[in-house]
Amino acid sequence: MLNVEDVKKWMENFDNVIQEQRAYLSDLDTPIGDGDHGNNMARGMEAVMAAITDKDFADVPSIFKTIAMSLISKVGGASGPLYGTAFMEMAKIGNGDVKELIPAALAGIEKRGKAVPGEKTMVDVWTPASALVQKDALTVEGIDQAVESTKEMVATKGRASYVGDRSVGHIDPGAMSSGYLLKALLKAEG
Amino acid sequence: MEYGVVIVSHVAEIAAGVKRLIEQVAKDVSVTTAGGLEDGGVGTDMARIMTAFEENKADKILAFYDLGSAKMNLEMAIEMSDKEVHLYDTALVESAYTAAALLQVNTKLEDVEKQLKELKVK
Ligand SMILES: Nc1ncnc2c1ncn2[C@@H]1O[C@H](COP(=O)(O)OP(=O)(O)OP(=O)(O)O)[C@@H](O)[C@H]1O
Ligand SMILES: [Mg+2]
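Those protein sequence lines, which keep their order, are chains A and B.
Each residue of the first sequence is one higher than the last, beginning at 1 in full-length UniProt numbering.
Each residue of the second sequence is one higher than the last, beginning at 1 in full-length UniProt numbering.
Don't take each hint at face value.
Computed beta-carbon distance windows for the label pairs [stated by the list, open to error]: (1) A/Gly35 x B/Asp28: 35 to 43 angstroms; (2) A/Glu152 x B/Asp82: 39 to 47 angstroms; (3) A/Ser62 x B/Gln24: 30 to 38 angstroms.
Straight line, CA to CA, 27 angstroms or less: simulated DSSO-like cross-link-like pairs of lysine-lysine [claimed, not checked]: (4) B/Lys108 x A/Lys114; (5) A/Lys151 x B/Lys114; (6) B/Lys19 x B/Lys120; (7) A/Lys114 x B/Lys114; (8) A/Lys114 x B/Lys57; (9) A/Lys92 x A/Lys151; (10) A/Lys151 x A/Lys187; (11) B/Lys19 x B/Lys117; (12) A/Lys187 x A/Lys9; (13) A/Lys65 x B/Lys19; (14) A/Lys114 x B/Lys122; (15) A/Lys157 x B/Lys57; (16) B/Lys19 x A/Lys111; (17) B/Lys83 x A/Lys65; (18) A/Lys157 x B/Lys120; (19) A/Lys114 x B/Lys120; (20) B/Lys60 x A/Lys111; (21) A/Lys65 x B/Lys120; (22) B/Lys83 x A/Lys114; (23) B/Lys114 x A/Lys92; (24) A/Lys92 x B/Lys83; (25) B/Lys122 x A/Lys157.
Chain B stretches covered by chain A per the calculated footprint, using a threshold of three residues with CB under 8 angstroms from any CB of chain A [claimed, not checked]: (26) 37-47; (27) 67-81.
Read the hints as simulated data drawn from the structure, not as lab findings.
Backbone N, C-alpha and C define an ideal beta-carbon position, used for all residues, glycine too.
Chain B on its own, in the form it takes in the complex:
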């Protein structure tokens, strides 16, 4: 598929859980995650986000995050990545789910973004 999804959360289980939830409706969309710190702690880590970008099968990515530093680390990773990454300030679970479900049926990015706009919370 043209677009993939990256989930960034402070907690590994949240990222893994969102992935599990959305893969149910988007089995062909590549979903990769960066959850928590390397040592299992709570936080976000730019290097882990870079890895999630690289491991994603798509060259164009829609990225979703939970709180605070997740966005800052995402922005730094985006500056360093060769992939085209779109970052959304939307409710994590709902927007990742919406995007994945729409991407699965080949919805145009423009139309996906229209739906995402409604979910902006930060």
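Excised from the complex, chain A in its bound form:
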């Protein structure tokens, strides 16, 4: 069960990786997109950290809402509304139970982007993650495997869909950042 402090720790872990891997995420987005994913996420997480650091929150849903609004207003690319809606849906759960939170996040991403598994998007990470977390089996290896699985897929949603077959052989940047977010959660849970 996550509390407000755990969520703060989660975001701090995620922000650290995003700032560190900013160039790498944009590189992943270059052959199959517009090369901005790292910058988008870094800008968004900067806003998240400014909105939550040293701030008091009554409960887990209220910090999730603040995170959602920062991402929606600052990311600027598709990942903004997608992650924003994920956090909005997690806020609606009303508690910090990851077994409910991860499926809610997935449902939010599906609702917003209308992607299904196999289309080479972040959905290809959230779908297995959601199944694994139900079985108490979400691990770093499981997450990495899901991220890696996007490499051989052909993109049919988002920017990468414009390059069609040429998207094969590249890991999806949003899948990678989703992997970072989920691993940051595991780390926060300890």
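Since the structure of chain A is already known, use the hints to place chain B with the ligands on it.
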């Protein structure tokens, strides 16, 4: 006029350019835009779309967009707006032009939409 047009693009100049193009044939139709990010960068921003809805003189809006996140941000803005907004998955320039030209001569929405259907590309 009953209906207005909102243009959403990743790039400010594209949005402004489409507006300029369609105003030539629709001088009484309110056209507002949300182009690019606040800092001038390339992208789309829900708050800027909300502003384009609010600044539009009409209470009913036909919205057109270019790529990807523009649609997601439009849908979020629509969920939050009090205005009646119709969103089309059509070729941006051609469909915004078609809609504006038809609205200028008071074409019924139903008939505008018939024309727009042909321009669906996404
Ligand atoms: N419809 C969608 N459903 C799920 N995920 C998506 C969808 N579209 C894009 N994505 C994810 O978003 C990532 C790209 O995010 P990024 O921040 O680079 O936005 P972008 O694609 O550049 O935005 P824009 O649509 O404004 O061009 C992709 O790698 C993919 O994982
Ligand atoms: Mg991108």
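Okay, the hints, checked on the actual structure:
1. A/Gly35 x B/Asp28: 35 to 43 angstroms: holds (41 angstroms)
2. A/Glu152 x B/Asp82: 39 to 47 angstroms: Holds: the Cβ-Cβ distance is about 46 angstroms, inside 39 to 47 angstroms.
3. A/Ser62 x B/Gln24: 30 to 38 angstroms: violated (49 angstroms)
4. B/Lys108 x A/Lys114: violated (31 angstroms)
5. A/Lys151 x B/Lys114: Outside the cut-off at roughly 41 angstroms; violated.
6. B/Lys19 x B/Lys120: holds (20 angstroms)
7. A/Lys114 x B/Lys114: Roughly 25 angstroms separates the two Cα atoms, so the pair holds.
8. A/Lys114 x B/Lys57: violated (32 angstroms)
9. A/Lys92 x A/Lys151: Status violated; Cα separation ~33 angstroms.
10. A/Lys151 x A/Lys187: holds (25 angstroms)
11. B/Lys19 x B/Lys117: Answer holds: B/Lys19 to B/Lys117 is near 21 angstroms, not above 27 angstroms.
12. A/Lys187 x A/Lys9: holds (9 angstroms)
13. A/Lys65 x B/Lys19: Roughly 35 angstroms separates the two Cα atoms, so the pair is violated.
14. A/Lys114 x B/Lys122: Holds. A/Lys114 to B/Lys122 sits at ~13 angstroms (cutoff 27 angstroms).
15. A/Lys157 x B/Lys57: violated (34 angstroms)
16. B/Lys19 x A/Lys111: Status violated; Cα separation ~30 angstroms.
17. B/Lys83 x A/Lys65: holds (24 angstroms)
18. A/Lys157 x B/Lys120: The given pair, whose Cα atoms are some 16 angstroms apart, holds under the 27 angstroms limit.
19. A/Lys114 x B/Lys120: Satisfied, since the Cα-Cα distance of roughly 18 angstroms is no more than 27 angstroms.
20. B/Lys60 x A/Lys111: The given pair, whose Cα atoms are some 25 angstroms apart, holds under the 27 angstroms limit.
21. A/Lys65 x B/Lys120: Not satisfied, since the Cα-Cα distance of roughly 35 angstroms exceeds 27 angstroms.
22. B/Lys83 x A/Lys114: holds (24 angstroms)
23. B/Lys114 x A/Lys92: violated (39 angstroms)
24. A/Lys92 x B/Lys83: Cα-Cα ~25 angstroms, so holds.
25. B/Lys122 x A/Lys157: Since the Cα atoms of B/Lys122 and A/Lys157 sit roughly 10 angstroms apart, the hinted pair holds (cutoff 27 angstroms).
26. 37-47: holds (count 8)
27. 67-81: holds (count 7)
Hint compliance for this structure: hints 3, 4, 5, 8, 9, 13, 15, 16, 21, 23 are not met, and every other hint is.
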